[in-house]
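Per the UniProt record's numbering, the sequence shown starts with residue 1, numbered consecutively.
Keep in mind the hints are simulated off the structure, nothing from the lab.
Model, not experiment: these values are computed from the prediction.
Worth double-checking, as some hints may not be accurate.
Claimed, not checked - Derived pair list, reagent style DSS-like, types lysine-lysine, alpha-carbon separation capped at 25 Å:
# : residue 1 : residue 2
1 : Lys405    : Lys608
2 : Lys475    : Lys405
3 : Lys82     : Lys170
4 : Lys50     : Lys82
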Amino acid sequence: MSTCKYLERKELRELRQKSDRTAAQQPRTLLAEPVGANLLPEVAGDDQGKILGRNAAATGLELEIEQWPDETADPTDFNILKIFVDNNEIRDLEVHYPQGGVPSPVELAVPVLYLGAHGLKEVRYEVSTDWDRNPRDSATLTFFYDTRDPNLGNQPEAVRLDADLIANNKQVTPDYLSSHNDEVVMEVDDPVDRRPGDTYAFYWGSGLSTPTLQGTLPAGPIQFRMPASLIGPMGQGPKILQYTFTDRAGNRSPYSTPETVYVLLSDPPGGLLAPEVPAAPIDREEARMGVLVNVLAYDNPQGGDEILLYWHGTYVDTRRVPAIPAFPIAFTVDYDVIASHGTLLPYVANVEYFVRRGSDIGSPVNPVTVNLVVPGDPLDPDNPGPEDPLLPLPELESFTQEINKIVPIDSGENATIRIELPNNLVQGDLIEIFYGPGNGEFVADYPVTGLEGPGFIIVRTLPWNPIIRDVGNGKIPLWYRITDANNYKVSKKQTVDVSVNNFTITDPATFTRVDPADGRIRCAQSPWLGIPVRIFAPTSLAPDDEIELHASGFDFAFNTELSGPPPQIIPHKVIQNDVTQGISLTLDWRYFVLSDYRCGIEIFWTIKKAIGGGGGSSPTTRVQVTVNQAGATCDPTQP
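Please work from the sequences and hints to get the whole structure.
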C-alpha cells in the first residue's frame, strides 16, 4: 500500500516538473507598448530619439494604452493597471477598472515630477485582475526627457563682428554697407550640445520681445546676416545685438552677451550750442535744489543719440534723444557734484556735453560762476546747509526773567532775545531773527558793522503785540539767519515753551453712541465701525479756531494705559456751523488695545484760537468698552 502511494507522489512530481518546463519554453507575449501622445518624433542624426518637450511641464507625459482583453472572473472582480517609470512603480497612478470598463484607449498623464532628471526614460505598464493578481507586462516605451538648453545653461558669447566693422569703430555707415554687399554679417560659435532641429533667434536693437532674424541652425558655420533693407527701417543710433539658441524640445538658452554697433546712415550731429544754465551764476541755495542744465537743439539730431553731460569735468548723467527729437533736453546737477569742486572759494565751472552716435562730438563750453561760500565760518563740506549746527543758539528771556519760557504772568509783556555774535562775520553781513512755526515771523535784524569785539551780544525785543500773542502757545521755534551778498545760513532752532495764552474750557467732549442704561459701549453700539464723539462748546468756539481731539486707551478699570503709541489725535478747523451745531468726530477703533476684549477710552480736546492766539484744554471724559461675549467676541475685526 505504501509503495503505491510513493509511486503516485513520484508520478505527480514528475508531471509538475514537465509542466513547468513546458511553460518556461513558451514565448512571453507582451502587451502593446504605451504610446507617448505628446512625444516629439525621432529626427535623423539625433541619438536622443523620441523627446518629451518643455511644454510637458504643465501636462506631463500623455500616455495612450491600447485596450487589453478583459479577463475578470466575476462582476465583483476588476482590472488593475500599474505604471512603471525606469522600473519604479508609480503608485499614485494605479487605476482600477470594473468588469467591462476598460476604455479604448486608456488615457492618462505621468506628471514630470515622476520622470526625474534630464535623460533617457523607460515607461511600461502591467495589467492584472484583482482575483488573479498575475500581472502581464507591456512592451517598453523609450524616450528622452530633455530639460537642458543647447548651451547647457551657459550664456552664449557675443556675436563676432567682421574686422572691417571693428576698424570702422563698429559704425554701420552707407560706405560700409555698399562695400559689404549691403549687409552686416556676424558669426557665432556652435552651442555646446548642438543637435538637429536646434533654432536661433537674433535681436537687433534694444527690444528682446520679437526676434529680428530666426530659423533653424544651418549645416555649416552659424552666421546672422542683417540686410540693409532691415537696418534702415529699424532706425539709427546704438543697436544692441543678442541671440538665443532653442532646441526642438523648447529649451531656450540665456540671451547672449550683448554687442553694440552704431547705425549712422545720415549726416552726423552738428551745430552744437553751449549748454544753457538758466540759474547762473550759482549760489548755495540753487545748488541745494539742483541746477537745471538744458541742451538745446542741434543740427541732424537722431532718435537714440546719447547726450552725456559734464560739470567741470565730472560726469553727471546721460539722456537719449527721443524717437521724435524734441528739445531742450533737461539735466539736473546735484549739490554733491557742484560742491565737489569747492565750497571755500568761488570757482568757474566749465559745463559741456557730448553727443554720442558712434563717436563723441563735444559742445562748446559754458563757463558758469559758482559761489558756495557762506558768511562767517564755513560749513562742513558734506553739509549743503542752510543749517549750521555750530552757530550759537539764540536765547529768550521773558518779562519775568524766565529763560526760553513765556508763562501766564508774562501776558501782555515783551520778551528779550540775545544772540552771541558768530565768528568771522564782516561788515555788510546781516542777521535776521525769526519766531514761530514754519517760516516763522520776522522779529528784527542786526547789520554787522565789523567793529564788534569778541563775545559781542546782539539784543533785540520780541514784541507781545502782534508776535507773541498771535503765534500762541506751544513749543515755539526761535532762530536766526545770516546773509551776505551771495549766500546765507541759519542757526539751529531754540525751543521756547509758551503757555501764556491759556484759558479754561468748561465743555467736555462726549461719547454719543453708548448704552443708555449705564453709559458703557457694548456690542450693540458696534464700536468696530468707529466711536463717534461730539464737541459742543458755543461759548469757546469761533470760525477758524483749530481744535484737536485726543484719545488714549486704558484697561477696563483705567489702571493701565494700553494704547502703546502716542495718543490718537484728530485735528479739525472750526467752521460757523460747528459753533452752533457742534463738531462730530469719529475715533479709530483699531488704535485701541483690548484686554479680554475690553478697554477703557479717555478723551479731551484742545483749542488754538484764530484771534488772540490763546489756547486751552477741556476736562477729560471716560468710557468703558466691552465686546466680550462669554469669553469670545462680537467684534468681527478681532481674531
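Comparing the hints with the structure gives:
For the suggested pair Lys405 and Lys608, the alpha carbons sit about 18 Å apart, so the restraint of at most 25 Å is met. The suggested pairing of Lys475 with Lys405 holds, with an alpha-carbon distance near 9 Å, which does not exceed 25 Å. Distance hint between Lys82 and Lys170 is unfulfilled; the C-alpha atoms sit about 63 Å from each other, more than 25 Å. Restraint check for Lys50 and Lys82: the C-alpha separation of about 23 Å stays at or below 25 Å, so the hint holds.
Violated hint for the displayed structure: number 3, the only one.
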